[in-house]
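Take a look at the letters that make up each chain.
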Amino acid sequence: MSSPDRRRLGLSLLASEITVLFRRKRTWAMLIALAAVPVLVGVAIRIASGPDSGRGPSFLSQIAGNGLFVGVASLVLAIPLFLPLTIGVVAGDTIAGEASQGTLRYLLVAPAGRPRLLVVKFLGAAVFCFAAPLAVVVAGTLTGLALFPVGPVTLLSGDQVPVGEGLLRLLAMAAYVGVAMLGLTAVGLFVSTLTDVPVGAMAATVVLAVTSQVLDQLPQLEALHPFLLSDSWLGLVDLLRDPPLWSTFGTNALLQLGYVVVFGALAYGRFTTRDVLA
Amino acid sequence: MSTGLAIETDGLSKRFRGHDAVADVALAVPDGSVFGFLGPNGSGKTTTIRMLLGLVSPTAGTAAVLGSPMPDGAAGVLPRVGALVEGPGFAGYLSGAANLARLDSADPLADPRTRRRRIGEALDRVGLGAAAGKRVKAYSLGMKQRLGIANALLRPRDLLVLDEPTNGLDPQGTREVRTLVRGLAEGGTTVFVSSHLLSEIEQMCTHAAVMRTGRLVAQGTLDELRGAAGDDRLHLRTPDAEQALAALTGAGLTPSLSGQEVVAPLQGRPVEDLVAALVAAGVRVRGVRLAEASLEDRFVALTGEGFDVES
Ligand SMILES: Nc1ncnc2c1ncn2[C@@H]1O[C@H](COP(=O)(O)OP(=O)(O)OP(=O)(O)O)[C@@H](O)[C@H]1O
Ligand SMILES: [Mg+2]
Numbered sequence: 016m017s018s019p020d021r022r023r024l025g026l027s028l029l030a031s032e033i034t035v036l037f038r039r040k041r042t043w044a045m046l047i048a049l050a051a052v053p054v055l056v057g058v059a060i061r062i063a064s065g066p067d068s069g070r071g072p073s074f075l076s077q078i079a080g081n082g083l084f085v086g087v088a089s090l091v092l093a094i095p096l097f098l099p100l101t102i103g104v105v106a107g108d109t110i111a112g113e114a115s116q117g118t119l120r121y122l123l124v125a126p127a128g129r130p131r132l133l134v135v136k137f138l139g140a141a142v143f144c145f146a147a148p149l150a151v152v153v154a155g156t157l158t159g160l161a162l163f164p165v166g167p168v169t170l171l172s173g174d175q176v177p178v179g180e181g182l183l184r185l186l187a188m189a190a191y192v193g194v195a196m197l198g199l200t201a202v203g204l205f206v207s208t209l210t211d212v213p214v215g216a217m218a219a220t221v222v223l224a225v226t227s228q229v230l231d232q233l234p235q236l237e238a239l240h241p242f243l244l245s246d247s248w249l250g251l252v253d254l255l256r257d258p259p260l261w262s263t264f265g266t267n268a269l270l271q272l273g274y275v276v277v278f279g280a281l282a283y284g285r286f287t288t289r290d291v292l293a
Numbered sequence: 013m014s015t016g017l018a019i020e021t022d023g024l025s026k027r028f029r030g031h032d033a034v035a036d037v038a039l040a041v042p043d044g045s046v047f048g049f050l051g052p053n054g055s056g057k058t059t060t061i062r063m064l065l066g067l068v069s070p071t072a073g074t075a076a077v078l079g080s081p082m083p084d085g086a087a088g089v090l091p092r093v094g095a096l097v098e099g100p101g102f103a104g105y106l107s108g109a110a111n112l113a114r115l116d117s118a119d120p121l122a123d124p125r126t127r128r129r130r131i132g133e134a135l136d137r138v139g140l141g142a143a144a145g146k147r148v149k150a151y152s153l154g155m156k157q158r159l160g161i162a163n164a165l166l167r168p169r170d171l172l173v174l175d176e177p178t179n180g181l182d183p184q185g186t187r188e189v190r191t192l193v194r195g196l197a198e199g200g201t202t203v204f205v206s207s208h209l210l211s212e213i214e215q216m217c218t219h220a221a222v223m224r225t226g227r228l229v230a231q232g233t234l235d236e237l238r239g240a241a242g243d244d245r246l247h248l249r250t251p252d253a254e255q256a257l258a259a260l261t262g263a264g265l266t267p268s269l270s271g272q273e274v275v276a277p278l279q280g281r282p283v284e285d286l287v288a289a290l291v292a293a294g295v296r297v298r299g300v301r302l303a304e305a306s307l308e309d310r311f312v313a314l315t316g317e318g319f320d321v322e323s
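Chains as they are written, first to last, in my numbering: chain V, 16 to 293; chain Y, 13 to 323.
What the hints contain is simulated information worked out from the structure, not anything from laboratory work. In this text the structure is predicted, and so the values were computed from the model without any measurement. Possibly wrong hints are sitting among the right ones.
Unchecked claim - Footprint (simulated), chain V over chain Y, 3 or more residues, beta carbon under 8 Å:
| no. | region |
| --- | --- |
| 1 | 62-68 |
| 2 | 101-109 |
| 3 | 112-118 |
| 4 | 195-201 |
| 5 | 262-273 |
Said to hold, decoys possible - One-sided and incomplete, this derived list gives chain V residues near chain Y with beta-carbon spacing under 7 Å:
| no. | residue |
| --- | --- |
| 6 | T42 |
| 7 | A44 |
| 8 | L92 |
| 9 | Y121 |
| 10 | L122 |
| 11 | P126 |
| 12 | R285 |
| 13 | R289 |
| 14 | D290 |
Cβ coordinates follow ideal geometry from the N, Cα and C atoms, glycine included.
Just chain Y, same shape as in the assembly (with noise of 0.2 Å):
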């Protein structure tokens, strides 16, 4: 890994039939970092994940992962890696236990005469401890989903690769997913994590990349996408709106009308200085309100307002 990327792809695209899931990803996924990948929903996101796994082959591109060619080198990497793909996968007439049994017998790596005891350690990192012996046919969205992670858990890993892991969990379970993220980084796992919830990126990620439609349409550290967000705002409060947006224009700024409020981007200027140009313009300040650029802005402005998926 002389390159010092977990992930990188090149060019990565993927077409169903005419339509292009994923066009032209160049990712960049450093070391050590939680990777927050971000996107609405028909965004790309898991089609792209399944192609550094190796389930499905671009149609053109390239994908390394931990420094392998994927596809290719998916035999010598995978072991590595552990993974949660479009949901949870197991076999409802089996226990939680006996699943994981099954997929870490599948692992050529995996040694069968530690499997009982990291099967129930990674059972009991996800608090499935207790429901171990337990059909999967008999376990909640919930529970089905912290096996997955847990199945993911069965090995030390290199990298972990979590498609909306939170993605069913109550409160207390996607808290504890934030806390077990951070603490295998902590211990050097890069984390590869795909979310359509900014707020759980926010909370757990050192970076991140958005996708819009197949493309990928931003990526960097969260304080380089926050800055990319475009400037801090003025948030006004007065009962002279009309003179305050004269003001403000006058100083080269473009202010609006929004609700009781005048907002106005701040373009790097001193809030001291703006104000003092108010009062000298005879606007009446009640109050003033610095708002920090927000990734939920940057967010919507990427990718777009609408709820409808679009495609």
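So that you can see chain V by itself, here it is in the shape it has in the complex (with noise of 0.2 Å):
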């Protein structure tokens, strides 16, 4: 159970970091929060429930007919900014809160190990990154079986499948984002390393991370979108095709793995060496 061999690769530590995580009330509100857009969304359809307007791909329209949908609507609406947003809270904080509450001085000498340490906040907060769909796709499918018609789910192309394989292609949805935020995580754990001061890089990584957006939505950088942070992030509604595009998955993956390790990199280079004051 806890040969010194385990305990050399910190599952130990890790799994202390993941209880703190959630022992936090922080990470409840914003759990809470972001459940709560679903709510929103389900009860806002549902009271003004008129006439489809049938615009775009939001999913919006198709919630009246079939309750599934609201997780797939509150995913989409959340990734832009309300995702990035708790994800840079959890990310900014890893390395500089501990240095801004004085912990980080006695983890590094009780001893963490500095690249552990690292690996280990980079995993906790890669949790929170599928704690946070999944609190969206779960709101979001209780909402709409509270408030709406729930069968089989009509995809993309018209074709129907049944609510099972439609909740697997909800589940599937919510880790597709949940991969789709380990980039940004990993920006997060970067600008953390950089600073003692947690709000600072919470906010960092919160503006880059609409930047990219921005950056994203200009047809002058056509050539650079597909290496931006974010081009993958609505990928997922590919899993709504029939059969589901599991390439934009792996384009996903792929892309998010790249980040993880530009800035993993970067985030060793400066943790391991630099000096801690705080």
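Relying on the hints, combine the two individually framed chains into one complex.
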């Protein structure tokens, strides 16, 4: 159970990191805020159920017909700002938060080991990356079940899949979004090694997420688009094709892996050489 | 540890943006000693300690802790070192016990099966047993300080590095820390403790070093430091101060008038001879007192009288 090898890997520290993350009120406040998105969407549409505007792939128009689309629509709504905001808070806090609290020096003297602490911090934030879209999807599905009829899911092609497969695809979309946020997490981790002021690191991370999306809108930068952090964020709709376009999932994973490697290396370079003065 | 030194530094220096926080420090902390690290505010104590613990890399020089070079040997050495650095640092939203569990889980050599028991014992040792489940946010300054000491005691250590451990403690807490340090030293732990309070160092240390504006200005056993403080002094009470000054000067001393008393460093001369000389010179001797050289004189001589922070 607790062999020295296992301990050297830092699993004990990782377990503690995840426990502490979910013992914080802030974490729950953010997850509840995210879960409130589908509830608001569902209630608003229920109250104002008029004729469909029928515009765009926002899926809002499909909700009245099938409650399972509450989760899909809410994910798409949360991706540009709400999700990056919460990811930015968690990732920006990783190192800078410990520094400002005064715990960084004690973790390092324990000794956590700088590379090990960095990996544990990344993994802890990554867990939140998956918890966040999952909160949206779960709350969305429950809202959908409560307020709307639920039935076979109509895909983008017009084909229908049964409710069970619809739910699985919803979970796959949550996983897709979790992966899509890993790059931003690595960026936040790096920014967090640059400062002892967590709020600064959080804000910088969120600003970078927004900037990436703005650049992604500029046609003049077309050539740059495939390499932008946020370029794959809205690709989750490809999971509603028939069959699901898994290659988009792969592109997403590859892009995010690239960001994790580059910003992970930058964070490593910075964190393993810096003086800990906080 | 063939050198018999728990801490050894050579030319240890740290520059912050062109300002020498620590300059050319050569510390030698013997195994088993209780070593006081003295110096006024801003003299470089904490910066030195950060370098010893691998938190800060020296600009120049080397440091060895328990025989291993720092910061390269940190992973191997730090599990044997308990430390309190520049005050306690804890997550306010966690309880005292949960904070300790978190830090203990960061130590790759700490056994998770004994964690609960060790945490309980450490908390009891610093008198926090009753507050173990309380959030640290609700701790007083002294309670946090105690928790910081408990963290240093989570496992048996070969070396304790305590940066101003009695900061914020009440008189009982201060006394408990002294007792704790003595007990640990008797058990064979080397204790390196920084302070700007001389009396504290005098009461618990066997050795001491003194810092001033980043430089090490003295180190040795307390007796060596006292010895270097110069002579014991003669304090004479007399109505004939003028004659006394003349007589003592005639005897080869350098007396001075200090309030109602004539004071002169003894320079190794027997007191009885000097009294005889005074009486022979017609000085009416009302009282003679011998003042032994104090560490405080030495400390003030080394670090200056001024109140202003030097840098
Ligand atoms: N992060 C930093 N950046 C720049 N200078 C620093 C930094 N930390 C400390 N210093 C400088 O280094 C010098 C030594 O500071 P240090 O904290 O080591 O002193 P100290 O002896 O521990 O003082 P105190 O008794 O007040 O705790 C001071 O002149 C201080 O201004
Ligand atoms: Mg200090």
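What are the numbers of the hints that this structure violates, sorted from low to high?
-> 4, 5, 6, 7, 8, 12, 13
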